[in-house]
Amino acid sequence: MDISLLYFFDLFGTAIFAISGVLLAGRLKMDPFGVVVLAAVTAIGGGSIRDMMLGATPIFWIIDNNYLWVILLTCLTTLILVRRPTKLPWYILPVCDAIGLAVFVGIGVEKSLRLQDSMMIAVLMGVLTGCGGGIIRDILAREIPMVLRSEIYAVACIAGGIVHTSALYFGIDSSPAFLLGVVVTLSIRLAAIRWHLSLPTFQLKG
Amino acid sequence: MDISLLYFFDLFGTAIFAISGVLLAGRLKMDPFGVVVLAAVTAIGGGSIRDMMLGATPIFWIIDNNYLWVILLTCLTTLILVRRPTKLPWYILPVCDAIGLAVFVGIGVEKSLRLQDSMMIAVLMGVLTGCGGGIIRDILAREIPMVLRSEIYAVACIAGGIVHTSALYFGIDSSPAFLLGVVVTLSIRLAAIRWHLSLPTFQLKG
Amino acid sequence: MDISLLYFFDLFGTAIFAISGVLLAGRLKMDPFGVVVLAAVTAIGGGSIRDMMLGATPIFWIIDNNYLWVILLTCLTTLILVRRPTKLPWYILPVCDAIGLAVFVGIGVEKSLRLQDSMMIAVLMGVLTGCGGGIIRDILAREIPMVLRSEIYAVACIAGGIVHTSALYFGIDSSPAFLLGVVVTLSIRLAAIRWHLSLPTFQLKG
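Chains as they are written, first to last, in our numbering: chain A, 3 to 208; chain B, 3 to 208; chain C, 3 to 208.
Everything labelled a hint here was simulated from the structure, so no lab data went into it.
Mixed in with the good hints there might be a few duds.
Just so you know, same-sequence chains aren't split out, so a pair can sit in one copy or run between any two.
With a straight-line cut-off of 20 Å between C-alpha atoms, the simulated SDA-like cross-links for lysine to any residue are [to be verified]: (1) K31 x L201; (2) K31 x H198; (3) K31 x P202; (4) K31 x L83; (5) K31 x I82; (6) K31 x L199; (7) K31 x S200; (8) K31 x L74; (9) K31 x V157; (10) K31 x L182; (11) K31 x I154; (12) K31 x T79; (13) K31 x A193; (14) K31 x M122; (15) K31 x V84; (16) K31 x R144; (17) K31 x I141; (18) K31 x E145; (19) K31 x L78; (20) K31 x L81.
So that you can see chain A by itself, here it is in the shape it has in the complex (with noise of 0.2 Å):
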């Protein structure tokens, strides 16, 4: 698919994922320094993770400096822009999420099927890229992960990852199966915050 567009959604994904960083350490009473590291961990974590296991080294960020820079800027902002707190209606920031959350899928599946040809790995490493930064910033924060106990969070990464590797796979070409991930991963995850779907729990006594 067009590389610059691609690019252009990678960062705009970090960017919003590192607010949500920001966000969650202002809760939590972090200095700038803990902010900083929150958000990057949010932006740029799972994607970290996907690189060291498919040996993708040095990973991304390290190569391409932008990513961190985003996540600063990101940073700054925010901060200067909570300081004087306007109103936002409640469905901005979750929105916000959600379409980052259907970018970085699409990305994850996209980087790797370049060093790899498993579908199975691919929409694994997608859910990975979508889901693993915001473990390890609720691990941070010593919160259990939220996508572990509630909402349909990540089945609907894994549906966009497999519509994307199936489109793929019936030779639709990179750039419409990329949107068509997109759009489901989007799709289902809007739907699931509107009316507050999720699946049922698993429940054990002892």
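Fit chains B and C to the known structure of chain A by using the hints.
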């Protein structure tokens, strides 16, 4: 040693550890995705860190997807079986876990010796393969890793790993050395379960 | 810079950080294995992540086992010394920790510049080498990493790393640049300990 036998043991250990992840996920009321993640992390987490540290990338389950299929199948089977609870004797699970642990230590020793020479590192990689997954599982579940606090768990791995590498050092063939290590780890672990053995803990005030 | 001097500093920093891990394990009533794991994670955790991200695998302590021996010896010595408690002045430990931190930042900068060119990445790898181990230690001990919440800790590392790389950039030799960075990190850290300095924290409601 006989590759196909080692491979069978490896997949068996993967299934056993996946079950222990599923059962913890059940206690924490996770959704199906959380169940699969906790199962996968327990089963392949230790080996993944081992491979990344050794530079054996792409790591093993990216190259051979059978590990992932075993985990998925184990999750499905466990979820179905647990819904119609048959009373299992209490010792079934710890004993299975001990078998998985003993096998994983041996596999970690074997795999690391193919990539480097140090006996000390081989023992350490055996312990990491055996205990690593459980540690990550406990971090995700927000518990202080059990392995770090109680029982003769890691000590059994260390003893098994030392016996395994010593046997190799004294010229014993790969297969019997592997089995010797497995027997040692397993015996110590079973004895610890049977008689509730544990090491004295180290305690500081402050 | 003089390799043997750098190596001495590196092992010294390893021992210092291992002690801080042992002391935390003592507060958490861990068994001897838990003590060694917490010590090891604190001492070599940051460098391990650095090497995996840079693709410098097998990572450093797999190639050179001396790091592991230093950790084992430090654990033994600390456990023995602590059993017959001699009253140490309160400032001994934080000061030692500050020395270890300053050295590790310099080593992270040095090692990463051997593998890639970016100054920004070099500073970041210095900070990661210095702070990473403590963060993993706190995760295992189920605490919100101290580094993320309080005191001029990471900021001292960043300042030291920037001075170190800037000195190299302006043509200063490797050894004096290293020492300059160490002195800056150490001075800021010691000042923060002495006068209880900390950054203002960022706080959000919700």
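Going through the hints against the structure:
Proximity of K31 to L201 under the C-alpha cut-off of 20 Å is restricted to the inter-copy arrangement: shortest distance 11 Å between copies versus 32 Å within a copy. Only between protomers do K31 and H198 lie at most 20 Å apart by alpha-carbon distance; the minimum there is 18 Å, versus 29 Å within a single protomer. For the homomeric pair K31 and P202, the shortest alpha-carbon distance between copies (9 Å) is at most 20 Å, but the shortest distance inside one copy (33 Å) is not. When the C-alpha separation of K31 and L83 is checked against a cutoff of 20 Å, the pair qualifies only within one copy, where the shortest distance is 17 Å, while the shortest distance between copies is 37 Å.
In this assembly of identical chains, K31 and I82 lie within 20 Å of each other by CA distance solely inside one copy; the values are 16 Å within and 39 Å between copies. In this assembly of identical chains, the alpha carbons of K31 and L199 lie at most 20 Å apart only when taken from different copies (16 Å versus 31 Å within one copy). For a Cα distance limit of 20 Å, the shortest separation of K31 from S200 across copies, 13 Å, qualifies, whereas the shortest one inside one copy, 30 Å, does not. Proximity of K31 to L74 under the C-alpha cut-off of 20 Å is restricted to the intra-copy arrangement: shortest distance 19 Å within a copy versus 37 Å between copies.
For the identical chains of this complex, K31 and V157 are inter-copy neighbours only, at 17 Å across copies versus 32 Å inside a copy, given an alpha-carbon limit of 20 Å. In this assembly of identical chains, K31 and L182 lie within 20 Å of each other by CA distance neither inside one copy nor across copies; the values are 40 Å within and 33 Å between. For the identical chains of this complex, K31 and I154 are inter-copy neighbours only, at 15 Å across copies versus 29 Å inside a copy, given an alpha-carbon limit of 20 Å. Taking CA atoms no more than 20 Å apart as the test, K31 paired with T79 passes inside one copy only; the shortest distance there is 18 Å, against 38 Å between copies.
For the homomeric pair K31 and A193, neither the shortest alpha-carbon distance inside one copy (32 Å) nor that between copies (23 Å) is at most 20 Å. For the identical chains of this complex, K31 and M122 are neighbours neither inside a copy (40 Å) nor across copies (27 Å), given an alpha-carbon limit of 20 Å. Taking identical chains as interchangeable, the C-alpha atoms of K31 and V84 lie at most 20 Å apart only when both belong to the same chain, with a minimum of 14 Å there against 35 Å between chains. In this assembly of identical chains, K31 and R144 lie within 20 Å of each other by CA distance both inside one copy and across copies; the values are 14 Å within and 18 Å between.
In the homo-oligomer, the alpha carbons of K31 and I141 lie at most 20 Å apart both inside one protomer (16 Å) and across protomers (18 Å), since each shortest distance falls under that limit. Proximity of K31 to E145 under the C-alpha cut-off of 20 Å is found in both arrangements, the shortest distances being 15 Å within a copy and 15 Å between copies. In this assembly of identical chains, K31 and L78 lie within 20 Å of each other by CA distance solely inside one copy; the values are 16 Å within and 38 Å between copies. For a Cα distance limit of 20 Å, the shortest separation of K31 from L81 inside one copy, 13 Å, qualifies, whereas the shortest one across copies, 35 Å, does not.
Checked against the numbered hints listed earlier, the structure breaks hints 10, 13, 14; every other hint is satisfied.
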